[in-house]
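Listed in order, the protein sequences are those of chains A and B. The first sequence maps to residues 1 to 95 in this note's numbering. The second sequence maps to residues 96 to 239 in this note's numbering.
Derived from the structure by calculation, the hints contain no laboratory data. From a predicted model like this one, the values you see are computed outputs, not experimental measurements. A virtual CB, placed ideally from N, CA and C, is assigned to each residue, including glycine.
Here are the computed lysine to any residue pairs in the SDA-like style, where the Cα-Cα straight-line distance is at most 25 Å:
| id | chain 1 | residue 1 | chain 2 | residue 2 |
| --- | --- | --- | --- | --- |
| 1 | A | K5 | B | R213 |
| 2 | B | K201 | B | D101 |
| 3 | B | K201 | A | R57 |
| 4 | B | K214 | A | D26 |
| 5 | A | K29 | B | N219 |
| 6 | A | K86 | B | Q209 |
| 7 | B | K154 | A | E61 |
| 8 | B | K154 | A | V71 |
| 9 | B | K214 | A | V73 |
| 10 | B | K201 | A | Q49 |
| 11 | B | K154 | A | R57 |
| 12 | A | K86 | B | G147 |
| 13 | A | K30 | B | D218 |
| 14 | A | K30 | B | Q209 |
| 15 | A | K86 | B | L146 |
| 16 | A | K30 | A | N92 |
| 17 | A | K86 | B | R186 |
| 18 | B | K199 | A | D41 |
Covered stretches of chain A, as calculated for chain B (at least 3 residues, CB under 8 Å):
| id | stretch |
| --- | --- |
| 19 | 17-27 |
| 20 | 56-63 |
| 21 | 75-81 |
Pulled a few chain B residues facing chain A out of the computed Cβ check, cut under 10 Å:
| id | residue |
| --- | --- |
| 22 | E145 |
| 23 | L146 |
| 24 | A159 |
| 25 | D200 |
| 26 | I221 |
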Amino acid sequence: MNNPKIQCVCGFGCGSSLMLRMAIDDILKKHDLEADTFCGDVGTCLSNQCDVIFISRELSELIVERAEVPVVVIDNFMDSAEVEEKVLAYMNPAA
Amino acid sequence: MEELVDINHIEAKVEAKDWKDAIRKAGALLLNSDDIEEAYIENMIRSVEELGPYIVLSKGFALAHSAPCPEVKRTSVSLVNLSEPVEFGSRNDPVTVVMCLACKDKGDHMEYLQKIARKLMEDNMINRLGSCTDTKELYATING
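Please build the complete structure, drawing on both the sequences and the hints.
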């Protein structure tokens with residue numbers, strides 16, 4: 001099976017999305033899970049191929065109705081407990 | 096210790112009357128060193144007006160930034176804490192620590208930005224940055 005592709009989205013794909021991506025990478029590593037993560041910006045993220053989008057609450061409102069993949073909303077990008085819970089919920093839906 | 100943020104890009108106990116003023120004052124540190132043009136500061140403010148206060152990434156911390164553009168001459172970062180917190184209209188208000196990030200190119204200096212992100216994600220780092228009482232202490236905390 002191919003690794004799931006996780007797109008981390010912020011306004012421009014270079015600032016806060018990078019922090020979110022690092023937080024997600026840390027969680028994946030900690031739990032020995034494999035996924036490909038990359039950064040995107042809110043303007044173009046819907047045209048990037050991916051399996052799920054992780055995004056802040058404010059920005060999610062701009063894309064959630066048009067998104068064709070699941071959108072996971074993160075309130076606090078630097079709260080590793082929140083990111084961990086939401087990454088694990090996505091990676092292990094049955095758990 | 097590896098320097099992540101230049102001492103000239105750090106200021107403690109900045110007085111800001113509102114969130115825009117906080118971004119302008121943090122951005123002024125990058126303007127003073129000629130890393131950005133003034134238009135970039137207005138871009139950072141417009142980004143919040145257009146996209147909402149999503150730059151308030153965690154309790155008390157705003158990462159002001161805008162898209163890479165010609166008004167950024169050099170990728171750089173500034174850091175201030177505020178004498179009185181300001182409201183951005185975010186669930187993570189009030190904000191005491193403001194970092195300005197100016198990226199010259201997308202994907203540029205990723206390694207540097209990752210180091211800064213790693214530092215900010217250390218336990219209790221935002222509270223520690225918020226409670227620094229002078230610029231030297233703030234410098235030592237972010238670069239420590």
